[in-house]
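Construct the entire structure; sequences and hints are all you get.
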Amino acid sequence: MEQALVQGLRSIFDPGIIGFVVLGVLLGIVIGVIPGIDGFQGLVLFLPFVFYLPKEQALACMVGLSSACLTGGAITAVLLGIPGDVPNAATIMDGYAMTRKGEGGRALGAALVSSGLAGIVAVIFALAMMGLVRPIVTSITSGDLVFLILLGIAFIGVLGKGSMVKGLISGGLGLLVSFIGLQISTGIPRFTFGITYLFEGVDLVPVGLGLFAIPEMIMLATTGSTVAIGGVAIKGMKDVWRGVRDVFRHWWLFLRSAVIGYVVGIIPAVGAGTSVWVAYGQAKASSKHPEKFGTGTVEGVIAPQSAANGVDAGALLTTLSLGIPGSAMMAVILGGFLILGLQPGPAMLNEQLNLSVMLILVVGIGNVLTTILALFAAPYIARVSTVAAAILVPLILVLVFAGTFVSRQHFNDLVMLLIFGALGLGMRSYGYNPQALFLGFMLGGLFEHYFFLAVKTAGPLFFLRPVSLVLIFLLVATFSFGPIRNMVVRRSRKGAEQA
Amino acid sequence: MKPSSYFLIAIMVIMVVIIGLSLSMRELETKLLPLIISGIVFSLGAIQLTKEVRPKTEAGGVRDPAGERVDRRRFLLAVAWVFGLFFGIWLVGFLIAIPLFVASYMKLNGIRWHMAIIWAVASLVFLYGLFEFLLNVELYRGLVPIWLGY
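Listed in order, the protein sequences are those of chains A and B.
When you line the first sequence up against my numbering, it's residues 1039 to 1537, in that order.
When you line the second sequence up against my numbering, it's residues 235 to 384, in that order.
Derived by calculation from the structure, the hints in this document are not laboratory data.
All residues carry an ideal CB built from backbone N, CA and C; glycine is no exception.
Among the hints, erroneous ones may be present.
[To be verified] Capping the alpha-carbon separation at 30 Å, the derived lysine-lysine pairs in DSSO-like fashion look like this: (1) A:Lys1139 <-> A:Lys1326; (2) B:Lys236 <-> A:Lys1330; (3) A:Lys1139 <-> A:Lys1330; (4) A:Lys1330 <-> B:Lys285; (5) A:Lys1276 <-> A:Lys1139; (6) A:Lys1276 <-> A:Lys1330; (7) A:Lys1326 <-> A:Lys1276; (8) B:Lys285 <-> B:Lys236; (9) A:Lys1276 <-> B:Lys341.
[Claimed, not checked] Sample of chain A residues lacking proximity to chain B, with all beta carbon distances greater than 12 Å (derived): (10) Glu1094; (11) Gln1095; (12) Thr1224; (13) Asp1241; (14) Lys1330; (15) Val1493; (16) Gly1497.
So, in structure tokens, the structure goes:
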């Protein structure tokens, strides 16, 4: 292992490879920043080039790209309230609120540094746990995954902005939207009303952009102001460094969140989307001022962004060691492996250990490079939020519409964009939780698949397993959190009044 | 009744429709989860509606999440622009609708002509360059050009 580590470090600093890592990082930042194009699409577009490149360079570029995307996506999440990728939806909660208060630089600094450092923490864990990931992943059953998905939705529904009931309604709506189309095991169309376009289900891009970007741009056009109220998004590099210091000030929160991201991230498919909300939830629950979450508190940026970037190394390790992609981006990287004649699985950690270690190190290097590049560009990037609405709104709408169409090149996706835009506007105006809907939509298909798999393999009492019972306990605790906290606050107020 | 209550009632009506459609499905695997989830959402909606119809004054109108009231006319105009862009793309395609939209929106919102045109041209170049040239993705041409044979 030590030899593989040394060899991996040597390979990574080879000019031929580091050059491709830098290229991947730059592409990842640009892709992450453009609404409508996410890391998955960026990797898919890069896939044809894999045929023409040596394997180390090709894979290093792809892994670098995937590492940079989430950090790039955090930039638009913080400055414009538009998630660059699914996990960035959690960063919007407080990151965008901070920009509106004129603390965009601080939010960016915190998001970027927590991303970079979380990548390093995750790499350390991945290298240390290389021998353990297989038994951990194979011990988690479908039943456990059902409750993990429910926990993620419950966290965001209960602990997000607005009332718990509205949050849970939003999550439920998301699950129902995911059921549109052909049912996964029976192949029977549901809620399609005979429309062939809906047989494939509703696409992710129009849902995401419709829920977040369209309402945001309409509100911006209505107020006619800048994103940063008062036209001040950032008070120079000092603001950015303040955010950087915040990460070290909240080092325990950062570490917990990165570990949550890594641990939840090694679970195939559900990791990235769920981990950020679990991290956000635990940050809010453990904060001295939980009522400030959602209004623009830096802890609400550090927690989800650390978790988001903590996922990468774990997801890559699952992909390498089991041949099971840990995330959608890893599924494309898996495609890259197969094109290059490499077979992910146990052999990757034996015969190809040097390459595996190198790729895991690329995740760390990619995160660090992204953070450094983005940090120094942050004061300039943050100025986007002080651009007049008359200029910003049409340009963002152009990207949103084009990005939506490009996803499947289907005009009806633009119709979906408008439908979800209207829904997002209504949810925003009346205090519902579009992030909960989005997460429910993302995970609905998996939830159904694992649910029926669990029932078929373990019977209706599939939840009677230690891991499932712990997750059920956490679910109950999540639902009870709000009412118990309110009761405690009321009692302490009564006590103070009587005193 | 508050506007938010109408929104909630609309959600509950949709849940009733989903429950009805689900009950008409034959296979248990197909209908079970939609039935359960829509039932739960309907129940939660009923709880929320009960809270909302309790007498509590709240002014109507569109609200920004910050709680400020926004100008209804400007709001409707902003919505109209979004729909206008959609119909423009549908009729004449991305490559014509986008520069027209950018130029007209900017000009009508106080940006000078020459800047509006520069941004319109820049967005066209960006769209064509990135999607059609680099990524080889054909953007939607529009009903009229397609009808005219382009």
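Outcome of the hint check:
Restraint check: the Cα-Cα separation between Lys1139 of chain A and Lys1326 of chain A comes to about 21 Å, which is no more than 30 Å; the hinted pair holds. Pair hint Lys236 of chain B plus Lys1330 of chain A holds up; C-alpha atoms about 27 Å apart against a cutoff of 30 Å. Of the pairs offered as hints, the one joining Lys1139 of chain A and Lys1330 of chain A holds, with about 13 Å between alpha carbons and a cut-off of 30 Å not exceeded. Proposed proximity of Lys1330 of chain A and Lys285 of chain B is supported: the alpha carbons are some 24 Å apart, at most 30 Å.
Taken as a hint, the Lys1276 of chain A and Lys1139 of chain A pair is honoured in the structure, with Cα atoms around 16 Å apart against an allowance of 30 Å. Taking the CA atoms of Lys1276 of chain A and Lys1330 of chain A, the gap is near 23 Å; set against the 30 Å cutoff, the hint holds. Proposed proximity of Lys1326 of chain A and Lys1276 of chain A is supported: the alpha carbons are some 26 Å apart, at most 30 Å. At roughly 12 Å between alpha-carbon atoms, Lys285 of chain B and Lys236 of chain B fall within 30 Å of each other, so this suggested pair holds.
About 36 Å separates the Cα atoms of Lys1276 of chain A and Lys341 of chain B, which puts this hinted pair outside 30 Å; it is violated. The Cβ of Glu1094 of chain A lies farther than 12 Å from every Cβ of chain B, with a closest approach of about 25 Å, so its non-interface assignment holds. No Cβ of chain B approaches the Cβ of Gln1095 of chain A within 12 Å, the least distance being about 21 Å, so the stated non-interface status holds. Interface exclusion of Thr1224 of chain A from chain B breaks down, the closest Cβ pair being 5 Å apart, not more than 12 Å.
Consistency note on Asp1241 of chain A: stated as away from chain B, and its beta-carbon is indeed over 12 Å from all of that chain's, at 15 Å minimum. Taking the minimum C-beta to C-beta distance to chain B, about 15 Å, the non-interface status of Lys1330 of chain A holds against the 12 Å cut. Some Cβ of chain B comes within 12 Å of the Cβ of Val1493 of chain A; the nearest lies about 9 Å off, and the non-interface call is violated. Gly1497 of chain A, annotated as away from the interface, keeps every beta carbon of chain B farther than 12 Å; the closest lies near 15 Å.
The earlier numbered hints that this structure contradicts are 9, 12, 15.
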